[in-house]
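Combine both chains into one complex, guided by the hints.
Spelled out from the first residue to the last, the chains are:
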Amino acid sequence: MTQENIQRLELAVGCVLFAFVVLRFAKKGRISFRYTTGWLVLCALGVFASLLIPMFAPVAEFLRLSPTVFLVVVASIGSLLLFLQLTVSISGTQRRVNKLAEENALLREKLERLERLERPSDN
Amino acid sequence: MLYFVRNSSVSSVSNAHQTTEFVVTTRPLVLVPALNEQATIAEVVRSIRDRGLDVVVINDGSSDQTAELAKNAGAVVLNLKVNLGVGGALRCGFRYAVAQGYKSVVQIDADGQHPVSHIQNLIDITSASSLHLVIGSRFRYEDVVMTLPTHRRFAMWLLGLIASRACKTKITDSTSGFRLISEPLLGEFARSFPNHFLGDTFEANVVAGRAGYKVKEIAAPITDRKVGTSSSGAGRSIILIARSILVVVFGLHFRIQKITA
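If you're matching them up, the sequences are chains U and B in order.
For the first sequence, the working numbering assigns the number 272 to the initial residue and increments by one for each residue that follows.
For the second sequence, the working numbering assigns the number 1250 to the initial residue and increments by one for each residue that follows.
Just so you know, these hints were derived from the structure itself, not from any lab.
It cannot be assumed that every hint is accurate.
Using C-beta positions, here's what the derived DEER-type ranges look like [to be verified]:
1) B:Arg1485 to U:Ser362: 18 to 26 angstroms
2) B:Gly1484 to U:Leu334: 35 to 43 angstroms
3) B:Asp1299 to U:Lys298: 53 to 61 angstroms
4) B:Asn1332 to U:Arg301: 18 to 26 angstroms
We put the CB at the ideal spot given by N, CA and C, even for glycine.
Pulled out of the complex, with its shape left as it was, chain B reads as follows (with noise of 0.2 angstroms):
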C-alpha cells in the first residue's frame, strides 16, 4: 500500500484520489453534510476546492440534484440512502476521512453561511496550538448576539455555560455547524458520534472536553441563509434543548476513549 504526504496543489490532490486508496495528508478534508441543498452547494463546493481542499458531500438523503451539482462541482460524494440526520452524516464523513488518512476534518454547512475563507482560520489555530477541536463561533461578534430572540440567546447562553465547563475554555456557540477535528477525536468520533438534534455539536463538543481533548472557540462570521429557512422550530427546539441538557448533564451522552497524555 502506497503512502505519501501531500499539502499544496489541487491538482495534485485530484491525481491522489485516483491513483491510491491511502493517503496521508496534513490538510484537512472538508466536509459538507446537505439535505436538500441544490441552491448552494456547487457555489459552496467550488469555493473550498479553490482553496485546494479537499471536500467530501455527504448527501443525506436529498431528493433535489444536490449530488449531482456537488459532483460536478468537483466534491467527492457520499450518498446515504436514508436520511440520517447531520450527526449520521458526519460520522460517514468521518469514517470516510479516517479510512484515507486525513488527519483532521474541517465541517461546514451547505447553505453557504459560513464564510470559506474562515476554514484557514481554523486550520491556522490549530496547528499553532496543536488542538483537537475548533469551534467557529458566530456569537463573537457581539451583534450577531442582538438579533436572536430572547428565548433563543437564553438558551445559546445556557448550552455555552454547560460546554464551557465541560471543555474548560468559554464556548459561546456550542451548535456551531463550523469545526476542525483532528486525530485523535477524529478517530474516535469515526467510532462513535450521535445523530440526535444537538448531538452532533453541543454534545459531542461536551463529550469531547469530558474526554479531556483540548478545545478552543474562535470568531467566524456567519452570513444569512442564502436560500430556504432553518429546519427547526421554536417549540420543538425548546423541548430538544432542554433533553440535550438533560442528556448531559445525567451523563447520559455517548462516550468515547479519553485521551492519553
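For reference, chain U alone in the conformation it holds in the complex (with noise of 0.2 angstroms):
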C-alpha cells in the first residue's frame, strides 16, 4: 500500500471514529440534533474527501502541497471557522440567559409585591 493511500485510510478512520464519538455525545443527550446531524455530515464529507484525494491533486500541485496536507488545512481552516461560529453562537445564547435570568428575578420580586399587596393583613 502507497504512502498516499494510508494517509487516506487513516484520514476515513478517524472521520468514522469521530463520528461515533459524537453520536455517543447524543445518545446521552449532551448534543443537540441539530449540531448532531451537522457534525455528521461533516463527517461524512471528510470520510468521502479522503477516499476522492486523487482529485484535489491539481489544486495542491499548485499550492505546492501533497494533496492529502491539502486536505488536512482545508479541514483545518473548516474546523476554524466552526469555532468562530460556535462562539458567536454560544455569546448570543449567554446573552439570553443573561436576560432571561434578570427578567426572572424582576418578574419574581414583582409577583411578590403583588401578593403583598393583595394580602394587607400580612403586612
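Okay, structure coming up:
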C-alpha cells in the first residue's frame, strides 16, 4: 500500500471514529439534534474527501502541497470557521440566558410585591 | 399611575413599595450584589435600612441563606437563578431601579468591607456637583496602597492611569465596588452593562468617561473582609487584567449613548 493510500485510510478512519464519538454524545443527550446532524455531515464529507484525495491533486500541486496535506489544511480552516461560528452562537446564548435570568428575577419580585398587596392583613 | 417624591422616613419608604409600582425619588437605591454572603448580608442590609435608604440585594445564584436573611433584614431581593457575575447582577439592579423611578443608585459590596456611613459622602458630593458617577476609593488613603503586593499595586496603577485618562480626573481605584451612579448614566447602564471580570468596574468607568459623563473619585475607607476570601487568584487576575486593558485600549468595550450637553 502506498504512503498516500495509508494517509487516505487514516483520514477516513479518523472521521468514522469521530462520528462514533458524536453519536455517543448525542445518545447521552449532550449534543442537540441540530448539532449532531451538522457534525455527522462533516464526518461524512471527511470520509468522502479522503477517498477522493486524487481529485484535489491539481489544486494541491498548484499550492505546492501534497493532496493529503491540502485536505488537512482545508479541514483545519473549516474547523476554525466552525469554532468561530460556535463562539458567536455561545455568546448569543449567554446573552439570552442573562436576559432571561434578569427577567425572571424582576418578575418574581413584582409577583411577590403584588401578592403582598393582595394580602394587606399580612403587612 | 401614581407619581410622588419621597425623601425621608423609613416607614414612608416601606409603604411606598406596597402601594405603588412607580415611585420617583431623590434618594438613591442601594444595590448589593451578593453571592453566598450569609455571614454578613443581614448586618449590611440593616445598617443601610437604619439610614433610611431602600436596599435591593441581588442574590446572584447563592446556594446558602443569603436571600432569606437579606429579605428578613428588610431588603427587596432579586433572585437570579443562575450566577451571572457581579456585572449581570448589577444590571438587573439597575433595571429594577429605573423601573421603580429611582434617579440614582449606590453600589456596595455584601461582605461588609465598605462602611455604610460613607454612602452619605457619595450622595452629598453628587448633589453638590451634579455628577453622574462617584467612585469611593480605598487608595486615597496612602497606607492602604502600601499593604498590597507589588504586582497588584502595578496593576491598580495601570488601570487607574487608563481610567483617569478616559474620565479626565484622577482615578486611583478603578476597580472599586463602592460607587454612586445617577441618571442618565444609570439608564444607560440598565440597557447595556458587561458581566465579565473588571467589566462592571474598570471598563464601566472608562466607558462612562469616554461617553462624556461626569466622573469623580472620593476617599472611602475599606475594612478587611469579615468572612471569606476574595474570589480571584493572583495568576488569573493578571491575565484578566491584561485582557481588560486590551479591551479598553482597542475600544472593544460595550457602548453607551454619549451625554448631550
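Those earlier numbered hints the structure runs against, lowest number first: none
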